[in-house]
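Engineer: Going down the list, the protein sequences come from chains A and B. Numbered according to full-length UniProt numbering, the first sequence spans residues 1 to 230. Numbered according to full-length UniProt numbering, the second sequence spans residues 1 to 397.
Treat each hint with caution, since some may be false.
[As the list claims (entries may be wrong)] Quick partial rundown of chain A residues pointing at chain B, CB under 10 Å, derived from the structure:
1. Tyr63
2. Asp74
3. Arg97
4. Ala111
5. Lys115
6. Tyr206
7. Gln219
Just so you know, these hints were derived from the structure itself, not from any lab. Cβ coordinates follow ideal geometry from the N, Cα and C atoms, glycine included.
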Amino acid sequence: MIKLESITKSFLLGKESVHVLNGISLDIEAGEFVAIMGPSGSGKSTLMNIIGCLDKPTEGEYYLGGENVSHYHDKELARVRNQSIGFVFQQFHLLPRLTALKNVELPMIYAGISKKERQARAEAALLKVGLGDRMDHLPNALSGGQKQRVAIARSIVNKPKLILADEPTGALDSKTSTDIMEQFRELNSEGVTVIVVTHESEVAEYANRTIMVRDGLLQPPAVMERGRLR
Amino acid sequence: MSFIENLGMALSSLKAHKMRSILTMLGIIIGVGAVIIVVAIGQGGEAMLKSQITGPGNTIEMFYQPSDEEIRSNPNVFQQSPFKQEDIRVLEQLPEIKRVVASSTKLSTARLQTESADVSTTGINQAYLQLNELKVEKGRGFSSADFLGGRRAGIISNKLQEKLFKEENPVGKIIMVSNQPIEIIGVLEKPTGLLAFGSMEVYLPFQTWRNIFGSSDFTQVTLQAASAEQLQVAGKKAAKLLNNLHNTEKSYQVINMEEIAQGVGQVTKIMTLIIGSIAGISLFVGGIGVMNIMLVSVTERTREIGIRMALGATRGQVLTQFLIESMTLTLIGGILGIFLGWGTSTIVSYFAGWPSLVSWQVVVGGVLFSMIIGVLFGLLPANKAAKLDPIDSLRYE
Numbered sequence: 001m002i003k004l005e006s007i008t009k010s011f012l013l014g015k016e017s018v019h020v021l022n023g024i025s026l027d028i029e030a031g032e033f034v035a036i037m038g039p040s041g042s043g044k045s046t047l048m049n050i051i052g053c054l055d056k057p058t059e060g061e062y063y064l065g066g067e068n069v070s071h072y073h074d075k076e077l078a079r080v081r082n083q084s085i086g087f088v089f090q091q092f093h094l095l096p097r098l099t100a101l102k103n104v105e106l107p108m109i110y111a112g113i114s115k116k117e118r119q120a121r122a123e124a125a126l127l128k129v130g131l132g133d134r135m136d137h138l139p140n141a142l143s144g145g146q147k148q149r150v151a152i153a154r155s156i157v158n159k160p161k162l163i164l165a166d167e168p169t170g171a172l173d174s175k176t177s178t179d180i181m182e183q184f185r186e187l188n189s190e191g192v193t194v195i196v197v198t199h200e201s202e203v204a205e206y207a208n209r210t211i212m213v214r215d216g217l218l219q220p221p222a223v224m225e226r227g228r229l230r
Numbered sequence: 001m002s003f004i005e006n007l008g009m010a011l012s013s014l015k016a017h018k019m020r021s022i023l024t025m026l027g028i029i030i031g032v033g034a035v036i037i038v039v040a041i042g043q044g045g046e047a048m049l050k051s052q053i054t055g056p057g058n059t060i061e062m063f064y065q066p067s068d069e070e071i072r073s074n075p076n077v078f079q080q081s082p083f084k085q086e087d088i089r090v091l092e093q094l095p096e097i098k099r100v101v102a103s104s105t106k107l108s109t110a111r112l113q114t115e116s117a118d119v120s121t122t123g124i125n126q127a128y129l130q131l132n133e134l135k136v137e138k139g140r141g142f143s144s145a146d147f148l149g150g151r152r153a154g155i156i157s158n159k160l161q162e163k164l165f166k167e168e169n170p171v172g173k174i175i176m177v178s179n180q181p182i183e184i185i186g187v188l189e190k191p192t193g194l195l196a197f198g199s200m201e202v203y204l205p206f207q208t209w210r211n212i213f214g215s216s217d218f219t220q221v222t223l224q225a226a227s228a229e230q231l232q233v234a235g236k237k238a239a240k241l242l243n244n245l246h247n248t249e250k251s252y253q254v255i256n257m258e259e260i261a262q263g264v265g266q267v268t269k270i271m272t273l274i275i276g277s278i279a280g281i282s283l284f285v286g287g288i289g290v291m292n293i294m295l296v297s298v299t300e301r302t303r304e305i306g307i308r309m310a311l312g313a314t315r316g317q318v319l320t321q322f323l324i325e326s327m328t329l330t331l332i333g334g335i336l337g338i339f340l341g342w343g344t345s346t347i348v349s350y351f352a353g354w355p356s357l358v359s360w361q362v363v364v365g366g367v368l369f370s371m372i373i374g375v376l377f378g379l380l381p382a383n384k385a386a387k388l389d390p391i392d393s394l395r396y397e
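Isolated chain A (complex conformation) (with noise of 0.2 Å):
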């Protein structure tokens, strides 16, 4: 499903460049649930960006798919988010002044899909994440967790094979946590490849496999402190 090749990213600060990832390689299988974790500065953020084909590599190739995204233009890029990948975000992302379905609807505006099938799919996706009685209500009138049902509905309704979490619960108090968890595990156990990226060991426990990153580097297994191992 995932496989990296000692993939390395650089930025230019100024004059000197610095260097983020060092060269990870990784494999994630179709199915899977994962969690990324590391402190703060580790490459994470940098890490899920080039997974999510938000960002490419320096070096190193991405199969995604079987597809070799490294080299893709942006607008294939695009492609492959819309088509390939539901992303939540921690501060939800949903556009404020459209409603829940509207927004919802998004993904699908850009694959083209007609407006009939959008709004019944739209309406399927909100009913699943439980959010049957709130398709008009625009995000302001949605508590947190109701927001990240939103957000959860439009990462799925376009049927990607994953779903790139980024530190799904850190606006959230615990108990809507563990709800909007269930929606991930609840997904996963469909089929779909979940990668989760936290710094809360809680929500990484949720995940089959905990991938350490630090320095730009993974951690091999046996330095893991938390997370079930397989």
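With the hints as your guide, set chain B onto chain A.
Structural biologist: Same frame as chain A, but now just chain B:
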């Protein structure tokens, strides 16, 4: 993503900032409106001037331009009226000519008891009424009997009535024109229009006029042809005929209307172009306003752009979204501007007595041009939006 969907998106985001959208549109509304007003009034004026020069109903004016020789042999030639009654009769015989409208004007004095005024006194033949409608406000117009019998009946202008009679009804009263009594049978309507100041005038049947001034010559002759095509031919024939009769070479002439009309058309076109360009500058300024507000909008919506990109929007789709948004803004502004321009020029022409002409070309041009402005001035902001980096944009606060 379809155009309709983009349009819907654009409308909803313009609606989200109503005040800002309306103010930005105002620049375009005023710009397009100003251009429409200038062009409408310019084209209307051109049409009016042309019709005034060529005259209503296929008419052409004759004039007398004596040669140097004639002036030398007869220094008083300018004091004499060039058209004899005989000339008129001959001209009427020409098959191409439907009517010969002849009149003679002399300055004289009109007097009512102690009140007096300098008036231009015009003797007209009956054909004159067919062409120039004397709109009578009080009393009546001339009848055939007035012309045949040479009745001492006259129609005076509104201004003269004010001068001599003040508020009193002058119909049926007698005034002295050149010391001859004339019964007033009617008063002309007050002239309307921006440039109509009104003048002191008396109109008399030609017979009457001849009896008063002792001259049977006409100062002005206008020919009316049977059709527009025959106008120039009739004019040339008439000029040739009179030159033969008077033994002159080419002293009798007709004005070549087409040339003059074209000349006037040129002048008004240039005027319209100049003023229109100035109005166009305001449209340009309006366009800059659109660009400015779109730039603000792109900055404000950085996060939205990031979200859309994360969800699979390509740079092209983001570009299109913002281009269509700015185009929608200017298109609505342009359409409202057309209504503003149309309304204003209608009001202006109503009060100025100057016709306005909003042609469909101007309307279509206005719509297209405002769309082009939207695209042109939307290009920079839309490009800025499309160039944003999705990761930075998602983090943007």
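Engineer: Does each hint fit the structure? Answer for all of them.
Structural biologist: Results of checking the hints against the structure:
1. Tyr63: violated (20 Å)
2. Asp74: OK, holds: Asp74/A within 10 Å of chain B, min 6 Å.
3. Arg97: holds (5 Å)
4. Ala111: holds (7 Å)
5. Lys115: This interface hint holds because 8 Å falls under the 10 Å limit.
6. Tyr206: violated (23 Å)
7. Gln219: At about 24 Å, which exceeds the 10 Å cut-off, the nearest Cβ of chain B leaves the hint on Gln219/A violated.
The structure fails to meet hints 1, 6, 7 from the earlier list, while all remaining hints are met.
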